[in-house]
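K.L.:
Sequence:
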Amino acid sequence: MIEVSHLTRRYGARTAVEDLSFTVGDGQIYGLLGPNGAGKSTVMNILAGYLAPTDGTVTVCGHPLPEEAGAARACVGYLPETPPLYPEMTVEEYLRFAAALKGVRRAERPAQALAAARRAGVAEVMPRLIRGLSKGYRQRVGIAQALLGSPQLIILDEPTAGLDPAQVIEVRRLVRELGGSHTVLLSSHILSEVEAVCSHLLILSCGKLAACGPLSELTAGGRSLEELYLERTGGAGAGKEAAE
Numbered sequence: 001m002i003e004v005s006h007l008t009r010r011y012g013a014r015t016a017v018e019d020l021s022f023t024v025g026d027g028q029i030y031g032l033l034g035p036n037g038a039g040k041s042t043v044m045n046i047l048a049g050y051l052a053p054t055d056g057t058v059t060v061c062g063h064p065l066p067e068e069a070g071a072a073r074a075c076v077g078y079l080p081e082t083p084p085l086y087p088e089m090t091v092e093e094y095l096r097f098a099a100a101l102k103g104v105r106r107a108e109r110p111a112q113a114l115a116a117a118r119r120a121g122v123a124e125v126m127p128r129l130i131r132g133l134s135k136g137y138r139q140r141v142g143i144a145q146a147l148l149g150s151p152q153l154i155i156l157d158e159p160t161a162g163l164d165p166a167q168v169i170e171v172r173r174l175v176r177e178l179g180g181s182h183t184v185l186l187s188s189h190i191l192s193e194v195e196a197v198c199s200h201l202l203i204l205s206c207g208k209l210a211a212c213g214p215l216s217e218l219t220a221g222g223r224s225l226e227e228l229y230l231e232r233t234g235g236a237g238a239g240k241e242a243a244e
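Numbering follows the UniProt record's numbering, in which position 175 of the sequence shown is assigned residue number 175; successive positions increment by one, without gaps.
Note that these hints are calculated values from the structure, not bench results.
Hints are supplied without guarantee of correctness; some may be wrong.
[Claimed, not checked] Taking CB as the label site, the calculated pair distances span:
hint: 1; residue 1: Arg173; residue 2: Asp26; range: 39 to 49 Å
hint: 2; residue 1: Pro64; residue 2: Ala166; range: 41 to 51 Å
hint: 3; residue 1: Thr219; residue 2: Asp26; range: 19 to 29 Å
hint: 4; residue 1: Ala13; residue 2: Gly213; range: 30 to 40 Å
hint: 5; residue 1: Pro165; residue 2: Pro84; range: 19 to 29 Å
hint: 6; residue 1: Gly25; residue 2: Arg128; range: 14 to 24 Å
hint: 7; residue 1: Glu108; residue 2: Pro64; range: 27 to 37 Å
hint: 8; residue 1: Glu68; residue 2: Gly27; range: 14 to 24 Å
hint: 9; residue 1: Ala111; residue 2: Glu177; range: 46 to 56 Å
hint: 10; residue 1: Glu108; residue 2: Gly70; range: 28 to 38 Å
hint: 11; residue 1: Gly213; residue 2: Asp55; range: 20 to 30 Å
hint: 12; residue 1: Gly132; residue 2: Ser5; range: 42 to 52 Å
hint: 13; residue 1: Glu67; residue 2: Asp164; range: 21 to 31 Å
We put the beta carbon where it would ideally sit given N, CA and C, even for glycine.
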């Protein structure tokens, strides 16, 4: 699903990620962890086809980046930390619009919009304007948008941000369900959330790969995820990531 080899991305004189190599198999749920400025946002944007690597090779769903960025984006559903919503649209209008941007055929857009809304738990607010929704509902509309087009890979950046406890439980359940039919890459600053839904981990520190593999193997011997995280990141906190 994802193959990354010696990936480096620089912004001028600053190196955001350096010499990253990892693979993500089909049907796995990967948790992407790292302290502020570790490179998580850069990695997600490269995998989503929105940034080109400076060096190295990246393949998503069999499509090399950036050479086949359009084809790769068609295979990816991406939820940024701040969902790209249009407040003057209704939920239904927005989801149909997003489906059109993803190349869904006109005749299939209503059904896809409704199916995505049902999976994300927003079907009951389809007629409402997005500007009138709570932050939690807006977040779930963003998740519905990521599901459009039947993507093979779903990238979620802080998917439970702003949700109440009941909604957090629902979204975590949804992510686990998605892992049965999609590959999921989930970035979160909540270690317990990653532990609850992810089978594999990618930990970044200072732009480099600090750990990668099955969660059960990385935490073998009774070591907690918190202990692993602190060990591999030099004790850095798991706060929200700074802009990269």
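K.L.:
Do Pro165 and Pro84 keep their Cβ atoms within the hinted range of 19 to 29 Å?
P.N.:
holds (26 Å)
K.L.:
Between Gly213 and Asp55, is the Cβ distance one that fits in 20 to 30 Å?
P.N.:
Holds: the Cβ-Cβ distance is about 24 Å, inside 20 to 30 Å.
K.L.:
Mind checking the hinted window 14 to 24 Å against the Cβ distance between Gly25 and Arg128?
P.N.:
Check failed, 39 Å falls outside 14 to 24 Å.
K.L.:
Is 46 to 56 Å a correct range for the gap between the Cβ atoms of Ala111 and Glu177?
P.N.:
Given range 46 to 56 Å: violated, Cβ gap about 19 Å.
K.L.:
So does Thr219 sit 19 to 29 Å from Asp26, Cβ to Cβ?
P.N.:
With Cβ atoms ~23 Å apart, the hint holds.
K.L.:
Between Glu68 and Gly27, does the beta-carbon spacing fit 14 to 24 Å?
P.N.:
holds (22 Å)
K.L.:
Range hint 39 to 49 Å: satisfied by the CB atoms of Arg173 and Asp26?
P.N.:
violated (21 Å)
K.L.:
Could you say whether the range 28 to 38 Å given as a hint is met by the Cβ separation of Glu108 and Gly70?
P.N.:
violated (20 Å)
K.L.:
How does the Cβ-Cβ distance of Gly132 and Ser5 compare with 42 to 52 Å: does it lie in that range?
P.N.:
holds (46 Å)
K.L.:
Does 30 to 40 Å hold as the CB distance between Ala13 and Gly213, or does it fail?
P.N.:
holds (32 Å)
K.L.:
At the C-beta level, are Pro64 and Ala166 separated by a distance inside 41 to 51 Å?
P.N.:
holds (42 Å)
K.L.:
Regarding Glu67 and Asp164, is the given constraint of 21 to 31 Å on their beta-carbon distance met?
P.N.:
violated (43 Å)
In the structure shown, a violation is registered for the earlier hints numbered 1, 6, 9, 10 and 13, in ascending order.
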